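Listed in order, the protein sequences are those of chains F and X.
The working numbering numbers the first residue of the first sequence as 1 and each following residue consecutively.
The working numbering numbers the first residue of the second sequence as 1 and each following residue consecutively.
Please keep in mind that the hints were generated in silico from the structure rather than gathered at the bench.
Note that this is a predicted model, so its numbers are computed, not measured.
Treat the hints with caution; some may be incorrect.
Stated by the list, open to error - The list that follows gives simulated cross-link-like pairs (lysine to aspartate or glutamate, DMTMM-like), each with its CA atoms no further than 20 Å apart:
1. X:Lys201 x F:Glu26
2. X:Lys84 x F:Asp66
3. F:Lys12 x X:Asp109
2 protein chains.
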Amino acid sequence: MSTTDGLSEADKDRLHAEEMKLRQAERRAERATKKERGGLLMVLTGPGKGKSSSAFGMVARALGWDMRVGIVQFIKGKWQTGEKHFFRRFPDLVTFDVMGEGFTWDVQDRQRDIAAAQQAWRRSCELIVDPDYDFVLLDELNIAIRNDYVSIDEVVTFLKNRPRDKHICITGRDARPQLTEIADLVTEMTLIKHPYDAGFKPQRGVEF
Amino acid sequence: MSTTDGLSEADKDRLHAEEMKLRQAERRAERATKKERGGLLMVLTGPGKGKSSSAFGMVARALGWDMRVGIVQFIKGKWQTGEKHFFRRFPDLVTFDVMGEGFTWDVQDRQRDIAAAQQAWRRSCELIVDPDYDFVLLDELNIAIRNDYVSIDEVVTFLKNRPRDKHICITGRDARPQLTEIADLVTEMTLIKHPYDAGFKPQRGVEF
Chain F
1 MSTTDGLSEA DKDRLHAEEM KLRQAERRAE RATKKERGGL LMVLTGPGKG
51 KSSSAFGMVA RALGWDMRVG IVQFIKGKWQ TGEKHFFRRF PDLVTFDVMG
101 EGFTWDVQDR QRDIAAAQQA WRRSCELIVD PDYDFVLLDE LNIAIRNDYV
151 SIDEVVTFLK NRPRDKHICI TGRDARPQLT EIADLVTEMT LIKHPYDAGF
201 KPQRGVEF
Chain X
1 MSTTDGLSEA DKDRLHAEEM KLRQAERRAE RATKKERGGL LMVLTGPGKG
51 KSSSAFGMVA RALGWDMRVG IVQFIKGKWQ TGEKHFFRRF PDLVTFDVMG
101 EGFTWDVQDR QRDIAAAQQA WRRSCELIVD PDYDFVLLDE LNIAIRNDYV
151 SIDEVVTFLK NRPRDKHICI TGRDARPQLT EIADLVTEMT LIKHPYDAGF
201 KPQRGVEF
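Let the sequences and hints guide you as you build the complete structure.
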């Protein structure tokens, strides 16, 4: 039962107009208190689907505003992915580096994984300090940190001293608390239902 | 303390190679049981940031595979958004319809909201049954349903009988249980930290 049950349509419309007027005023007053602008540090984590895809959606938004975007993928290696195919079509606007050679269980060579992750982190630092970039995405950096391929202390120290003129987005499950603590935005993707569990293969346009 | 503490680097490397070999075998065996392919119905909901941006990231992936994409935005109205600016650059691949005239508290006219939402739903149905589209995004449909502008029963009945040759993604907080029940993928974006709460204005390339 909603509170508007039993009201005529005309009454619902009038009530709605009054409520929306109030809400508009509230939102405007609230909005007026939001004065900060500047580069955000964002962390997208959790076991649900949507971490990397959300980051790539922000990349699309940034490109819509003619920002320049730098992307480093820490894990996906030689995989053919829709995101790589697509964003590499805009080489003037997007730098898309993929480090490593695939998921770690396909490599089975820890030293090679570490070297690839370290190289990816060095590249990330270059992009972050480069004033040409407005948005830097470090895709699956959390996995490289979790596997101890990149030092969390080094990452946190670097990010604390980052230039504040660009957005930085870090994805991957198991984000370390030291990282979420210094982030401006943290979303945890909570898994409610995943097609893989229902027998679906990972599919183009959705998972890669 | 990790179980590998105290091991030499060489021992860690050897242990890692053995573990990864096992994991690779496990993953391959598991993967072999995943045989289903076909259009997924996806619902991205919850209060955290990343619902629409995740959907737009999947759009980018789909475009990377040369799929054709139809987008209907139920709420954003006349807003200038990065996603609109960007995806409208590919009119041969993306149809981008924006219905309505902004957030409901700016309109204050319930009948106009209802008419816009109904029109957006009719457009959504056209895109879903059109064999030319491989991926259809109904952005913020959950809000139109929550506001009773579009009937949940009508949506569920239509989607149950949808063609299975394309992916459909529905976003917006407060997804109805009748909808998540019939979905193949459901992620709840859990809000851990949002820059708006720390005084930041919504920013280009991130929130729109």
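- Those earlier numbered hints the structure runs against, lowest number first: none
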